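Chemist: Given the structure of chain C, go ahead and fit chain P onto it with the hints provided.
First to last, the protein sequences are chains C and P. Under numbering that gives the first Met the number 0, think of the first position of the first sequence as 0, with each following residue one higher. Under numbering that gives the first Met the number 0, think of the first position of the second sequence as 0, with each following residue one higher.
Do not take every clue at face value.
[To be verified] Restricting the straight-line Cα-Cα distance to at most 20 Å, the calculated cross-link-like pairs of lysine to any residue (SDA-like) are:
#1 C:40 / P:78
#2 C:198 / P:54
#3 C:80 / C:56
#4 C:35 / P:87
#5 P:60 / C:125
#6 C:198 / P:57
#7 P:83 / C:34
#8 P:67 / C:167
No lab work stands behind these hints: they were computed from the structure. Quick caveat, the model's predicted, so the values are computed rather than measured.
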Amino acid sequence: MTTATNPNRKIIKDKDFELVQAINTDQPELFHDLVKRYEQKLYNFSLRMCRNPSDAEDLVQETFLNVFRYLKDFRYETKFKNWLYRIAASTCIKKRRRSKFAPERELSLEDFIPKDEAEAQQQVPDWALMPLEKLLNEELANIIHQAILSLPDKYRLVIVLRDVEGFSTAETAHILNLSPSNVKVRLHRARLFLREKLKGYFEHGER
Amino acid sequence: MESDNQGSKHCDESHDYKHCLEMFKRLSEYLDNELDEVTCKEIEHHVKQCVPCFSCLQTLKRTVDLCKQTANKPVPRAFSEKLKELSQNMPKTTNP
Numbered sequence: 000m001t002t003a004t005n006p007n008r009k010i011i012k013d014k015d016f017e018l019v020q021a022i023n024t025d026q027p028e029l030f031h032d033l034v035k036r037y038e039q040k041l042y043n044f045s046l047r048m049c050r051n052p053s054d055a056e057d058l059v060q061e062t063f064l065n066v067f068r069y070l071k072d073f074r075y076e077t078k079f080k081n082w083l084y085r086i087a088a089s090t091c092i093k094k095r096r097r098s099k100f101a102p103e104r105e106l107s108l109e110d111f112i113p114k115d116e117a118e119a120q121q122q123v124p125d126w127a128l129m130p131l132e133k134l135l136n137e138e139l140a141n142i143i144h145q146a147i148l149s150l151p152d153k154y155r156l157v158i159v160l161r162d163v164e165g166f167s168t169a170e171t172a173h174i175l176n177l178s179p180s181n182v183k184v185r186l187h188r189a190r191l192f193l194r195e196k197l198k199g200y201f202e203h204g205e206r
Numbered sequence: 000m001e002s003d004n005q006g007s008k009h010c011d012e013s014h015d016y017k018h019c020l021e022m023f024k025r026l027s028e029y030l031d032n033e034l035d036e037v038t039c040k041e042i043e044h045h046v047k048q049c050v051p052c053f054s055c056l057q058t059l060k061r062t063v064d065l066c067k068q069t070a071n072k073p074v075p076r077a078f079s080e081k082l083k084e085l086s087q088n089m090p091k092t093t094n095p
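Just chain C, with the same shape it has in the complex (with noise of 0.2 Å):
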């Protein structure tokens, strides 16, 4: 294994360089400023990962705890932010492994294509055609919310990062160490996963 610097490697020199690199050169106590920037954004990464607030905590703390003990081998190879993602992502899945038993559930297509004519919609429902801002309210985050617990965790880690995070198919791919294909698959059927609890929801809920 060489340790030669690599002439073609590129640089990313996004929001967070300069800051990352302050760190990593004499100010280390600039570390507190890094946290600052990012705790909102794990600790709902964690809660939606984890079923209790106090486990998403640990969660937020032991990413932070890694995050400085590998800021040194962060190569700048890609944004920080993904970097930051990769050591959460793989913190949640360590914790889960340390904590579980139970081999994990898989999501087949089959479960969610319509069997009958009852189950297949012959017009698409009012929730899909309403005006997005008169559908949210606490009660439907809350839906959303239990129904993203819910999801078995591989399929969750997928569908938060792209659908909550906004996180591209290949930066995914990347944080999960995962391939492309793999991630689209999760992600189709995380979604339907959720459709459907979104449409028992409008279907037998107060709407």
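Modeler: Frame of chain C, contents of chain P only:
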């Protein structure tokens, strides 16, 4: 999904059921603009003629839109303080 008959009853007898299933598999990629132009056109053409697939596409799109709109909660003050303390107690260098 492999079976031609599965999920096929939602369109009338003259409908190309296999096509519905093919579309169903690719709806997320379509919404994410990750398909080639020919496949996109194929999906657009199909959903114009098949109400259940159109409905499926619209509800899936709405699901994604709702996910993208989920609001972030503020960090509890006590936890933010704890993180501050944690950062201040880090070693004096990131060098191993």
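Chemist: It remains to establish, for every hint, whether it holds in the given structure.
Modeler: Verification of the hints:
Proximity of residue 40 of chain C to residue 78 of chain P is assessed by CA-CA distance (about 14 Å); at most 20 Å being required, the pair is judged to hold. This hinted pair checks out: residue 198 of chain C and residue 54 of chain P have alpha carbons roughly 12 Å apart, not beyond 20 Å. Taking the CA atoms of residue 80 of chain C and residue 56 of chain C, the gap is near 19 Å; set against the 20 Å cutoff, the hint holds. Of the pairs offered as hints, the one joining residue 35 of chain C and residue 87 of chain P holds, with about 12 Å between alpha carbons and a cut-off of 20 Å not exceeded.
Between residue 60 of chain P and residue 125 of chain C, the direct Cα distance comes to roughly 13 Å. Compliance with the 20 Å bound is thereby established for this hinted pair. Taking the CA atoms of residue 198 of chain C and residue 57 of chain P, the gap is about 12 Å. The hint holds against a cut of 20 Å. As the CA atoms of residue 83 of chain P and residue 34 of chain C are separated by approximately 8 Å, the hinted pair is consistent with the 20 Å bound. Between residue 67 of chain P and residue 167 of chain C the alpha-carbon distance is near 13 Å, which keeps this suggested pair within the 20 Å criterion.
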